[in-house]
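Undergrad: If you want the building blocks of each chain, they are given just below.
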Amino acid sequence: MISIKNVKKIFSTKSGQVRAVDDVNLDIAEGEIFGVIGYSGAGKSTLIRMLNGLELPSEGQVLVADNEVSSIKGSKLRKARQEISMIFQHFNLLWSRTVQENISFPLEIAGVDKSERLKKVNELIKLVGLDGREDAYPSQLSGGQKQRVGIARALANNPKVLLCDEATSALDPQTTDSILELLVDINERLGLTIVLITHEMHVIRKICHRVAVMEDGKIVELGKVLDVFKKPQAEITKRFVQQVTEPEETKETVQHLVDLYPNGQIVQLAFVGDSAEQPLITNLIRNYQVTVNVLQGKISQTHSGSYGTLFIHVDGEKDEVAKAIEFIHSENVGVEVISHD
Amino acid sequence: MINESLPNVKWESMWEATRETLYMTSISVVATFILGIILGLLLFLTSKGNIWENPVINKVIAAFVNVFRSIPFLILIVLLIPFTKLIMGTMIGQNAALPALIIGAAPFYARMVEIGLREIDKGVIEAAKSMGARTSTIIWKVLIPESMPALVSGITVTAIALVGYTAMAGVIGAGGLGNLAYLEGFQRSRNDVVLVATVIILIIVFIIQFIGDIITSKLDKR
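Residue numbers (full-length UniProt numbering), protein chains in the order written: chain A, 1 to 341; chain B, 1 to 222.
Bound conformation, chain A alone (with noise of 0.2 Å):
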């Protein structure tokens, strides 16, 4: 659906040029949920921009939905952004017109007749959730109602893509997952091929298919969530990956830990997609003679499966709990001893 191949975009400013995207290649299926993590000036927002022509890039080639839009122009241009929709973090809704005029916008646009437009927006408010807003204005609404007039106007042409230009970044936590979840349910329901940018994991997490890590415009790790979840390669992602799977607080918990039990062996447990359903400690504890304690742990839901830390402190005879680490290790958990240092 979306082929970007050798992409390069270079900003010349006062002090020098910017390659804000730098060689970058990538695919992305049909019906995928696509997920772009950087943090900000990573290049991530021009990239996305580049997939509707708002920025042209300096060389490459930029295919989406058929359409080469690093180069076509003029009515191709304005044709081909109608089947690739974008939504953006603040929104931008026309404070002028009400809910159910601002949708009808890209169906104006498109010179759809006004029958017709009425029929379609009503729908599509349905979809999103807002009846009973119809005619109220921007102004008016939660921010979580007002990325619904932004989803439902992206909707209205019957796109093939949905850009998200950081959709859910202006959103408390809990107006994202509402977000997120209708992301999810327009992806199934209609299909539509999805790419978002953020710089929150947490949103990757719940529901990409597939994540690019980018870094000074490149993209440093590409792979399925859990994949990457499992085995971050690059020091970035891992950065990105602590941000859900351990609690802020980890390190001094984990070092205080450390000095409170000076016997035995604080162990860091991975778990990735079906080791996180085992009964790992029952079995360490009942064929080994040691003992176990669990200092700390969480487990975060992904698309395709779960990811979890899991901090225990293990003590015993020195051999006893070198075979027990042995045995976790046989049982495809990550494991990291952490040593007293």
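No lab work stands behind these hints: they were computed from the structure. Backbone N, C-alpha and C fix where the C-beta goes; we use that ideal spot for every residue, glycine too. Don't take each hint at face value.
[To be verified] If you anchor each label on the Cβ, the simulated ranges turn out as follows:
1) Q242/A x G123/B: 29 to 35 Å
2) I215/B x Q242/A: 28 to 34 Å
3) W140/B x D172/A: 32 to 38 Å
4) R134/B x D172/A: 34 to 40 Å
5) V18/A x E53/B: 17 to 23 Å
6) L219/B x K14/A: 36 to 42 Å
7) S58/A x S136/B: 28 to 34 Å
8) G132/A x K218/B: 23 to 29 Å
9) G132/A x I71/B: 54 to 60 Å
10) S75/A x T90/B: 48 to 54 Å
[Claimed, not checked] Computed cross-link-like contacts, DSSO-like style, restricted to lysine-lysine with a CA-CA straight-line distance of at most 30 Å:
11) K59/B x K48/B
12) K14/A x K59/B
13) K59/B x K79/A
14) K119/A x K221/B
[Claimed, not checked] Here are some chain A residues pointing at chain B (derived, C-beta under 7 Å):
15) Y39
16) N52
17) F88
Starting from the known structure of chain A, fit chain B onto it as the hints suggest.
TA: Same frame as chain A, but now just chain B:
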């Protein structure tokens, strides 16, 4: 009673002058509104980072606007005498004032239009583009409606300035309340005529402000 305390006021000529003032004001407001929006849109659209970004055209329009906005109105009328004679055929009467009124007020209003347009969230324009909107659609369905409260409050201020300009134009023979107050009142030392003409002008100004405020608040859904 009123006639006794205002012995020199001829009400018939007073109403005649009021009608002339209203005529000059309304024609010039309408023309200024249209011309100002066109100039303001051009200023906005050709500025940096906008749809028709073009530094040359932008500078030319900006220079035109700045020059005509800076010339004191009384001097502008005098400077425009040949031009007025050419297109209106006369230097006397209500129509003779129109070219100077419009040329004096439109650049002033154009700047207000530009400021109003600048206040529109760039993201909204980007959203319209991302939906595949043409530039004309963006102008008619995004820029103008979204800046409408600013456009209306701007034209209110401009209309009030125009009432004042018509009075000045009257001094050099354009008719209206200014002309009456100056020729019939001031030059003949009939202070009651000046007073009544002034009060009528004040009433016109208040009414314009009142209507402008109501429309602005009705339009503003932010």
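Undergrad: Determine for every hint whether it applies to the structure shown.
TA: Going through the hints against the structure:
1. Q242/A x G123/B: 29 to 35 Å: 32 Å, holds
2. I215/B x Q242/A: 28 to 34 Å: 56 Å, violated
3. W140/B x D172/A: 32 to 38 Å: 36 Å, holds
4. R134/B x D172/A: 34 to 40 Å: 37 Å, holds
5. V18/A x E53/B: 17 to 23 Å: 20 Å, holds
6. L219/B x K14/A: 36 to 42 Å: 40 Å, holds
7. S58/A x S136/B: 28 to 34 Å: 30 Å, holds
8. G132/A x K218/B: 23 to 29 Å: The hint (23 to 29 Å, Cβ to Cβ) holds, given that G132/A and K218/B are roughly 24 Å apart.
9. G132/A x I71/B: 54 to 60 Å: Because 56 Å falls inside the window, the suggested range holds.
10. S75/A x T90/B: 48 to 54 Å: 50 Å, holds
11. K59/B x K48/B: Judged against 30 Å, a Cα distance of about 11 Å means the pair holds.
12. K14/A x K59/B: 22 Å, holds
13. K59/B x K79/A: 34 Å, violated
14. K119/A x K221/B: The hint holds at about 25 Å.
15. Y39: With a closest approach of 21 Å, the Y39/A hint is violated.
16. N52: Since chain B brings a Cβ to about 5 Å from N52/A, closer than 7 Å, the hint holds.
17. F88: 6 Å, holds
When held up to the earlier numbered hints, the structure conflicts with 2, 13, 15 and fits the remainder.
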